[in-house]
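*Asks:* Here is how the chains run, residue by residue.
There are 2 protein chains.
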Amino acid sequence: MTSDNRLRSFGLVVNPVDPATVVPPSGDITASGGHGDAVRGMNAGSPAFDPAAIIPELDPEQVRLLGEVGDHWTRTVRRPPVWQQALPVRTDLVPVDVRADAKLTNGGFARGDEPGRVLATADVLQPETAMARRVYATRRLLLGAPLRSAAVAQERMRKLVGLAVLSSDALSSVAYGPEAMITVLALAGAGALGYAIPISAGIVVLMLAVGLSYRQTVRAYPGGGGSYIVASDNLGELPGLLAAAGLMIDYVLTVSVSVAAGVAAVTSAVPSLRGATVPLGLAVIAILLVGNLRGVRKAGAAFAWPTYAFIAAIALVVGVGMIGVAGRGFTTVRPPRLGVTEGLGLLLVLRAFASGSTAMTGIEAISNAIPAFKPVEWRNARTTLSWMIGLLITMFAGIVALIHFDGIAPRAGETVLSELAHSTLGGGALYAYVQAATALVLLLAANTAFNDFPRLLYFMARDRRAPIVFLRMGDRLAFYNGIVALAVVSGFAFAVLGGNTESLIPLYAVGVFLAFTLSQAGMVMHWWRRRDPHWRKSIAFNGVGCALSAIVLAISAVTKFTEGAWAVLVAVPLLVILFKRIHGYYEMVHSAVALRPFDLAAGEPSSQRRLGPRLDAALKGIQAPVEESPEEVHNLAVVPIVGLNLASMRALAYAASLGQPVLAVHISPNESEAARFEAYWHAWGDHLPLEVVVSPYRAIVGPLARYLEELHGQRPDVTLTVIVPELVPRRTWQRLLQGGTAGRLRRSLRHQSRTIVTTAPFLLP
Amino acid sequence: MTSDNRLRSFGLVVNPVDPATVVPPSGDITASGGHGDAVRGMNAGSPAFDPAAIIPELDPEQVRLLGEVGDHWTRTVRRPPVWQQALPVRTDLVPVDVRADAKLTNGGFARGDEPGRVLATADVLQPETAMARRVYATRRLLLGAPLRSAAVAQERMRKLVGLAVLSSDALSSVAYGPEAMITVLALAGAGALGYAIPISAGIVVLMLAVGLSYRQTVRAYPGGGGSYIVASDNLGELPGLLAAAGLMIDYVLTVSVSVAAGVAAVTSAVPSLRGATVPLGLAVIAILLVGNLRGVRKAGAAFAWPTYAFIAAIALVVGVGMIGVAGRGFTTVRPPRLGVTEGLGLLLVLRAFASGSTAMTGIEAISNAIPAFKPVEWRNARTTLSWMIGLLITMFAGIVALIHFDGIAPRAGETVLSELAHSTLGGGALYAYVQAATALVLLLAANTAFNDFPRLLYFMARDRRAPIVFLRMGDRLAFYNGIVALAVVSGFAFAVLGGNTESLIPLYAVGVFLAFTLSQAGMVMHWWRRRDPHWRKSIAFNGVGCALSAIVLAISAVTKFTEGAWAVLVAVPLLVILFKRIHGYYEMVHSAVALRPFDLAAGEPSSQRRLGPRLDAALKGIQAPVEESPEEVHNLAVVPIVGLNLASMRALAYAASLGQPVLAVHISPNESEAARFEAYWHAWGDHLPLEVVVSPYRAIVGPLARYLEELHGQRPDVTLTVIVPELVPRRTWQRLLQGGTAGRLRRSLRHQSRTIVTTAPFLLP
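Quick note, the sequences are listed as chains B and U, same order. Once you know that position 65 of the first sequence is 65 in the numbering used here, the rest is easy, because the numbers rise by one and skip nothing. If you count the second sequence from 1, you need to add 765 to reach the numbering used here.
Treat the hints as calculated values from the structure; they're not laboratory data. Check each hint, because a few of them may be wrong.
[Unchecked claim] Which chain U residues face chain B? A few, computed with CB under 7 Å, are given here:
hint: 1; residue: Gly872
hint: 2; residue: Ala885
hint: 3; residue: Leu907
hint: 4; residue: Pro911
hint: 5; residue: Glu1179
hint: 6; residue: Ala1439
hint: 7; residue: Pro1461
hint: 8; residue: Glu1475
hint: 9; residue: Ile1521
[Unchecked claim] Quick look at which bits of chain U chain B covers, simulated, 3 or more residues with Cβ under 8 Å:
hint: 10; stretch: 1291-1297
hint: 11; stretch: 1352-1362
hint: 12; stretch: 1445-1454
hint: 13; stretch: 1485-1497
Each residue gets a CB set at the ideal place from its N, CA and C atoms; glycine is no exception.
Using the sequences plus the hints, can you model the full thing?
*Replies:* This is the structure:
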C-alpha cells in the first residue's frame, strides 16, 4: 500500500499530485508493495496464547538432575537444618483461629485450589502509595478492569469482529490496488487499459490461490501460521527470521503511512490544523495504543465498524454502477485519449500486475491471529479467511469491471475510486459517505498492524528470538509490551519524518513480499514433506502463489532500489543479525543456568550441546558444584560503614544476627578521620572486627570494591555478603540529597563473583 | 556588570547599539548591578577545605550512647557469638608469610599508619573493565593525575595567581563601570559630565571602605568570609540564605553573560560563525569546566595571564594618556555638545553613582577563597585583596581622570575604553592589544564564578543547607560537583536563551547588591558585638559601605523591576525556601539516625530537640531499641523463585546457609503452571517450605510485595530478608533481554519496613 495512493484514495486530495510523480517512468507503483505477510502459527502448539510461556518448562533430564541436587543437599547437611524449624509466620496467610483476631485479615489473598497455594485477588493490584493509586486509577479508567488469565477465552474474537479487525488492511487496499494497476497501463496509452481485464483475472487467480493456501495453512498451523512460523518450520531459522524482519518493517510502515493518510484527510478538511500534523498523528497513534491495550474484545468493538462501512460503500458504488451498466446493455464507454510514454511490453504488464497485487496486502493477517478467535479457533479463522477472500475478490473484480465499463482512466488530483463514486452516485451525501468510509478504513489499516505486530513478537519471544518481555500479557490480556513498542517506534518514525511519509513508500514493498514469498515457499515444502492427500494440488496452489509473489518482490527490489528499497535490503539483514544475537544470548543463559551432572566439576566435558571452547570454559567455572548445598556455602558478611548512627548500628546487628563471621569496613579520606572513627568504634565496645581503608584520593566506591575483591582473592570459596546500610527517604526529591553511594556500590559490585549485595534500608519518617 | 557594557567593552562592537537602548530614560544602567558578594568564611574553622567534612562528627552524648548500645549488645548475647570467630581472611591484606606465596599480592593496598588500617594507593582507582579503563584514561588525560588529600596544601594559590584568578571579575569591571556612570550623567547634557569627578570620588571612597572592610573580614573569618557566612553568623539563618541565593543567581548570570560577550567578540570578528553561537558558547563553558576540574593550581596557571595583560593594557592607556595631558599642562578638552533629556537632580546623581558602582562587582571574590591560598592563608589573602583594591582604585581613577581631561562623552557604537585607547594610542597594534586584552578579561570573569560558586556550595553543604554531594572534593581536589553544577546550569541558561543574554541583564544587580548589603550589615553587627579595639572606626567603614550598597540595591530593584528584576525577587525567596527544605531534611535525618537513650522506647519524650508532633511520633517508631543487638533480630529469609535452575538453586542454598528459617515463594500465572512447579519442587526433594502465589492477573511484583507485607503484618518484629536471584549479563544491552523483575521488586520493597533486599547475582559468562 502506498502513501500517496492512500492519500489520494480519500478523494479529498491533499496535495494535487503531478502525474509524473504518480507514475514515474520507472514504474515504481509496481514496487510500492503491500503490507506483508503476517501469517504465522504455532508448531502444533495449543491454539492459545499462554501467559505461562514466560516461565520455562524443564526437560526430563533437568528434572532428574534436580533430584540429584536434592540428594546431594541431603547428604551434605551435617548440623540440624535451621530451615526446617517451624516458620515464624503462617505462609498461607489464613488466620489460625478465625474467631480469635479479626484484624488478622488475609489482605487481598484468598485460599488457593491446593494446600500450599494462595490466590492473589484483584485487590492486591491496588498500589499502596497515594501517587501510585492515582496512576492505577487512571490506568483502570483508560483500560478497564484487569482480566484474569482464565478470561482469555472470553476475550477471543467472534468471526464478525475478527473479519473487521483483521481485514481492514486487506480490504482497504482495493481503494488503491486497481488504480495502481491502470496507472501503469495508462503509460502505454488508453488502448493498453484493456489489458486490465486479463491482468486482473491473474490477480484474482493469485488471490484465490493465496486464499486457498492460507486456508490450508490455518488448518496445518492451528496455533498460528504466520510467515515467521511457516518459514521457520519448513525452511529453517534464517528464512523464518528474514520473514519476521520483513514483517516488522512492514508493520511499522503500515502504522506510520496509514496515520499520515488519516491526518492528511483531517488537515485537508481543516487546513488551519496543518501545522499540527505531528501532534495530531501522535494523538491518533495514542488512541490506537490505548484502544488496543484495552484488549482484543474492546478494541474489536471500537475499531470494527469502519470496515463494514467501507464494505457497504464499495457495494453501493459497484452495485449502482453495475445497474447503470446493465441499463445501457453492457456497452463500454471509451476511455479518454492518453499520451503514450512507454511501449506495451512484458515488463509493463508485469509491473501492472505487481502494482495491482498491492490489493493483496494484508491478506495474511488472519492466519496470524488464529489463537485470538473463539474455539474452534482454526475453524473460525478459516471461515473468516474465506469471507475475507470472497469479499476481497468481489470488491476488486467489481471495481475493475466498473472501471472498464465506464472507461475510467487515472487522473491527477482525484482517485479512481472517487471518479467511480462521482460517476455512479453524483456529488451528494452518498459520495461523501463513500469518501469518509474510505478515509476511515485506510486509517484503521493501522489497527491490523496493532493486532499482528505484538503477536509476531510473542511467537518470536516464545522461540527466544525476541526479548522475553514480549511474552507478557498485560492486565487486559493484550500483549502490552508489543503494542507499546509498535506505538513508540511508529510514532517516532512519524514524528521524525514530520508526518511526511512519502519517503517511506519505496521501503514498503520489499519486506512484505519477502515474507509472503517465504511463507508460500514454506508451504510448498510442507506439502512436499507431508504428502497428504491432494498434496500435488496444494503444491500447485502454493507454488503458483510463491512464484507470483517472488516476481512482485523482484520487480519491487530492482525498480525501487535507489529510491529507498536499499534501506530495507540493509535493515532486514541487520534485524536478522539482531534476532540471532538475541537468540544466542538466551541460548547462553539457558546453558549457563541449566543443572549439570556433578562429574562436570571433575573436568568432564558437558553432556549438553557445546557452545564453543571459550564459553564452555567459562561455564565450567560456574558449574563447580559447590554452593549447591547450604553446607558448601562459606559466608563472610562485610558491612561498609561511613559513620556510626542508628542506621549503621542496625546494619551491624543484622549482620551479626545472620550467624556468620562479620567484618566492618570504614573508608576514610585521611588518617586523622580514621583515628576519630576508630575511637568511636572503641567507645562502642569493639564488638566486631574493623578494618579502616584510608583512601587518600577520597574515592569511596572504587577502593571498597577493590578491597572486597582482594579479600575474595584470598578465599575464592567464600561468599561475601556485603550489607550496605542505606537511608531511604520517603520522597523522590529527597533521594538527591543522599550521596547515592549505596547505589553506586551496588552497581560496582554487581559483576564481582560470589559477592552478594544486601541493602539494609533505614526508612526515614 | 551588564552584558551590553561587556559587549561594547570589546570595542569590536558587535551590534551597533542604539543610545536609547544603552541609556533608557529609566536609567537602567544604574540597576545593571555587579556580581555579588562572594565573601564568606568558616566560623573560626581551620583555614582549609576538609575532605572529611562529608563524614559527620559525633557529639559527646552520641559517643556515650554508643557505649550504651555496646553494653546492651554484650548483655543480650546468649549464645557464643559466631562473629567473634577468626575471620576466614586476613583483613589487612598483607600475606601471612611473605616468602610462602608470591601470588598473594596486596593488589594496590599498602600497610596503613596504624594496625587495622590499609592504605589505598592510586592503583586501586584504575577500573577493572576495558570500557571503564578507557574512560578513566581520558579523565586522567584531561584532568591530570589524581591528587592525594595531603596535597591540598600544594594545590593552594600563590598571591600572584590568586590575584589573577580571583580579581578578573572585579578588575574587568573598570572596562564598563566608568562608562556606565558617564552615560547616566550625559542624559543631563555635557555640562553634567563634570559631576563624574565628585561621584567617582565617592565610589573610590566606597571601594576603599569596602576594601578595608574586607581586610577586616578576612582576618575575622580566616576560614572564608563570604556574604553567606558573615550574614549567617551575625544576622541569622535567613539573611545568610538570602545572601547565598543572591550570590548563586549572580554566579550563573556572570558565566552566561561573560561567555556571551566572549562569543560575540569571536563572531563579530568571524561573522560566518554567527550561526554557531550556542555551540561556541557551550565549548567555552566546557573549556572553563575542564580547566577548573584540573584543580586550583592548574586552572590558575591557565587562566591567570589575561588579567595581567589587561592590567598592562589599562596602564598603557592611562599612562600614555596622562603623559599627553601633562604635556598640554593639564588642560581639559571640552566634551562635545549633548542633547539634554533629563534635568540634573539628586536621583540622576544617585543613578550615576549606582551605575559607576558596577565597577566594584567581583570585589568580594577573594574573601571567599581564603582557604585556597597558601599558608598563612588569611595573611596572603589580605595582601592580595589590598593589591586588588589598589589596582582597582588606580585603574578606575585613572580612567575617570582621563575621560575628564580628554573630554570623552559616551558614543553609540564604541565603548568609552575604545575611545580612550584610540585617542591615546591611535588605531595600530597597541590599540588592538588593548581591545583583545579587554575582550579576554571580560570572558575570564566567568572563571571567578567557577572558583567561587563551588566554594559557596561547599560552605552551605557543610551547614547542611545544600546537598552534601557538594562537600566532595574530586580526585584533583577541586569541588567537582559544584563546578559541574555551575557549568550545567549556566550552559543551560546560555543555550535556552540562544546566547542572547541581554534579557538577563536586568536580573543582574539585585542579587549581587543584596548579598553585598547583607555582608556589610553582618560586619557592622560583628563589630558591635565584639567591641574590638578600633570597633567604632570599623563600624563606620562597614556602615558606610552597607548604606551605599543598600542604595544601589534599592535603585536597582525599583528601576529595573518590570524589566526582570522581579524574577530575581521571586527566585531569591524560592531558593531560600529550597535551602530551608534541604536543611529541614538533613535535620530530620540527623534526628532519625541519632542514637537515643533506651528509655525512649517506653514512650518518654526525646531529650533532643523536637521536630513537631508528627515527626516525633514517627521517630518513636524507628527508635524502638529492638534490632540494636543481634539477639534481638528475628529473621526470616524469603526466596522468590521463578523457575528452578542453577541460579535459583544457588540462591536457595545461600538462603539456607544463613542459618535462618527460609521460605520459598513462587508466583504463578495460573493453577496448571502452579502444579507443574510444585512437581519440580517435589522432584528436588521438598527441602524448604514453599508457598505458591497464584496471580491470575499475571502481575508478579505487586502480589509478591503485598504477600511479604502480609507475612510481615503477622510478625512485625521479624526482619524479612528477601533473597532475589538475578541473572547478571556481562554487557549492558543484554540487560534489556532480562525481564527486569529483580530490579522492580527491589524498588517496590524499598519502602517496606524491616524488609531487607538481597540480590543474589548469577554472573553469566
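*Asks:* If you count the residues of the stretch 1485-1497 of chain U with a beta-carbon closer than 8 Å to a beta-carbon of chain B, do you get 3 or more?
*Replies:* Holds, because 5 residues of the stretch 1485-1497 of chain U bring their Cβ atoms closer than 8 Å to Cβ atoms of chain B.
*Asks:* For the hint on Pro911(U), does the least C-beta distance to chain B fall short of 7 Å?
*Replies:* 5 Å, holds
*Asks:* Verify the coverage statement for the stretch 1445-1454 of chain U against chain B, using a C-beta to C-beta distance below 8 Å and requiring 3 or more qualifying residues.
*Replies:* Our answer is that it holds, as 7 residues pass the Cβ test (under 8 Å) against chain B, meeting three.
*Asks:* Quick check on Ala885(U) please, does its C-beta sit within 7 Å of some C-beta on chain B?
*Replies:* Holds: closest Cβ of chain B sits about 4 Å from Ala885(U), inside 7 Å.
*Asks:* Glu1179(U) was flagged as interface toward chain B. Is the shortest Cβ-Cβ separation under 7 Å?
*Replies:* 44 Å, violated
*Asks:* According to a criterion of three or more residues whose C-beta lies within less than 8 Å of a C-beta of chain B, is the stretch 1291-1297 of chain U covered?
*Replies:* violated (count 0)
*Asks:* Mind checking, does the stretch 1352-1362 of chain U have 3 or more residues with a CB under 8 Å from chain B?
*Replies:* n = 7 at 8 Å, threshold three: holds.
*Asks:* Quick check on Ile1521(U) please, does its C-beta sit within 7 Å of some C-beta on chain B?
*Replies:* Status holds, d = 5 Å.
*Asks:* Under 7 Å is the threshold here; is the Cβ of Pro1461(U) close enough to any Cβ of chain B for the hint to stand?
*Replies:* 4 Å, holds
*Asks:* Does Leu907(U) meet its interface restraint, that is, does its C-beta lie within less than 7 Å of any C-beta in chain B?
*Replies:* 17 Å, violated
*Asks:* The hint names Gly872(U) as touching chain B; please verify it with the least Cβ-Cβ distance against 7 Å.
*Replies:* 5 Å, holds
*Asks:* Holds or violated: Ala1439(U) as interface residue toward chain B, Cβ cutoff 7 Å?
*Replies:* At 6 Å from the nearest chain B Cβ, Ala1439(U) passes the 7 Å test, so the hint holds.
Checked against the numbered hints above, the structure violates hints 3, 5, 10; every other hint is satisfied.
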